[in-house]
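*Asks:* Here is how the chains run, residue by residue.
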Amino acid sequence: MADPVRIVCAYPDGALPSGWFQAVQRARRTVRRAGYRARVELTPASCVTVEADVVIAPPVAAPAIRASAAAGRAERIAAEFIVVESTEFGAAFDLLVGRLVADGRLDRAPEPPRTIARHRGFQAIGERARIAE
Amino acid sequence: MRSFRLHEPTSLAEAVESLSAFGLAGRPLGGGTDLVAGIMRDQVVGSAMPYPTDLVDVVRLPELRGFRATDRGVVIGAATTLAEIAEAPLIRGTLPMLADAAGQVATPEIRAIGTLGGNLNQRPRCWFFRNRDFDCIKKGGDICFAVKGDNRYNAILDANICFIVHPSDLGAALMALGAEARIAGPRGERLTSFDDYFVGPTLNLVGETTLAPDELLVEVTVPRPPDGSRQRWDKVNEKGLPTWDFALASVATLATVEDGVWRDGRIVLGGVAPVPYRARVVEAALVGRDIVAAVPDAMGAFRGATRPMRDNGWKVELAAVVLERALRALAGESAA
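Chains as they are written, first to last, in this note's numbering: chain A, 89 to 221; chain B, 65 to 400.
If you are wondering where the hints come from, they were derived from the structure by calculation, not from laboratory data. Beta carbons: idealized from backbone N, C-alpha and C, even for Gly. It is possible that part of the hints are untrue.
Cβ-to-Cβ under 10 Å is the rule here; a few derived chain A residues that face chain B [said to hold, decoys possible]:
(1) G102
(2) A103
(3) S106
(4) W108
(5) T118
Distance windows between CB atoms, simulated [claimed, not checked]:
(6) B:D259 with A:G107: 20 to 26 Å
(7) B:S84 with A:G186: 38 to 44 Å
(8) B:M65 with A:G186: 47 to 53 Å
Start from the sequences and build out the full structure, keeping to the hints where you can.
*Replies:* Shown next, in the form of structure tokens:
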């Protein structure tokens, strides 16, 4: 199975407005509730690395991220670099998720098997039959 | 403590260049009483604040040292020690509130090496922030642990998402005095009123001041107070003494009072909000009125503005007592 999609939300070094933080938190909830195999990270602009699949940043942080890439710290910033204000973050993130799903790059984690496991303390003592679908 | 590199620039320009090169891992070093003996010793780190591996010593920079009288007011260098500020005849004579605030910080040993810049730019004392096992929002995490945790010392005013209280006594005093900060950075120099120097969590969750990581506070200019104005510094902490410990609540007041009537002034509270809190609602309740008669309305306005958390309702009453004490003293001093 492919690695989870890594979505890095950057902010200017030393300056994280609450609006951007809340927008990223909503994105995390979206991913979690949908069960997507993705990691939504929040990081200062200077810590953005080449391993990110997508980088989302506000306009004020974009020059620093591009400069880091140009300076050779990263061969490229990421497969996709989205610049957006916090007020437009939600809509942009929904579009991104839709695009990633349509491209087959974002899938859902498999549902865990629906069984009942019995334990005594830390010792598993058996499982009942799978619950009928 | 983990290792670090110490850089000793010989000029302001060299210090700014160093900070620009080191990014988030570079920090200016004053007395080090909080940065080294607190943040670094206790490993207070996170994704938003990596361990400081490069310290830029600014204490010996001539541009940041000392104080002088100018036509704009008293100019105090950011590397001036708290003891120097507290004991200087120039400052004690014209800015007694600032001298009192500096003279009541911590202990004589800390005041001997702690600097103005360090006091203004120190990090908060929230015990979740200071504990390495709690990856709180201010360090780059996802949660403010004070919301559901023991929040007895957290903010009662103006908090949002993060509920720290700002620990700087001199910040409250300088805001009340209408001071201005001179800041140097790779993009040039700028001046900022102390009304805008501290930024709350709505604007910035991972920092408390307007300084960018590559900027440096150079000096503070405190304008001459209006003729006939009164200044007071009141501070209460858990030890029952104004010194040794951080303020649970402090009040810095600069006021013009005539025959017991509040004509104009500024009231700033410390230790109750994520930034020094300008109590405009209290000022509005006082202006043009006899202070003693207006105290009930002023206290009502203050209490109405507070938003205590589960465990810190007592701070509202403590702050109100300190505030009322300051106002009545101002009225009494003026009438004397």
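*Asks:* For the pair S84 of chain B and G186 of chain A, does the Cβ-Cβ distance stay inside 38 to 44 Å?
*Replies:* holds (40 Å)
*Asks:* Given the hint of 20 to 26 Å, is the C-beta distance from D259 of chain B to G107 of chain A inside that range or not?
*Replies:* holds (22 Å)
*Asks:* Against chain B, with CB atoms and a cut of 10 Å, does the hint on S106 of chain A hold up?
*Replies:* Holds. Min distance 5 Å.
*Asks:* Going by Cβ atoms only, is T118 of chain A closer than 10 Å to chain B?
*Replies:* Status violated, d = 15 Å.
*Asks:* Go ahead and decide if the range 47 to 53 Å is satisfied by the Cβ distance of M65 of chain B to G186 of chain A.
*Replies:* This hint holds: roughly 49 Å between Cβ atoms.
*Asks:* Holds or violated: A103 of chain A as interface residue toward chain B, Cβ cutoff 10 Å?
*Replies:* With Cβ-Cβ at 5 Å, under 10 Å, it holds.
*Asks:* Given G102 of chain A as an interface hint, is its Cβ closer than 10 Å to any Cβ of chain B?
*Replies:* holds (4 Å)
*Asks:* Does W108 of chain A hold up as a contact with chain B if the rule is Cβ-Cβ below 10 Å?
*Replies:* holds (9 Å)
Consistency note: the structure conflicts with earlier hint 5 alone.
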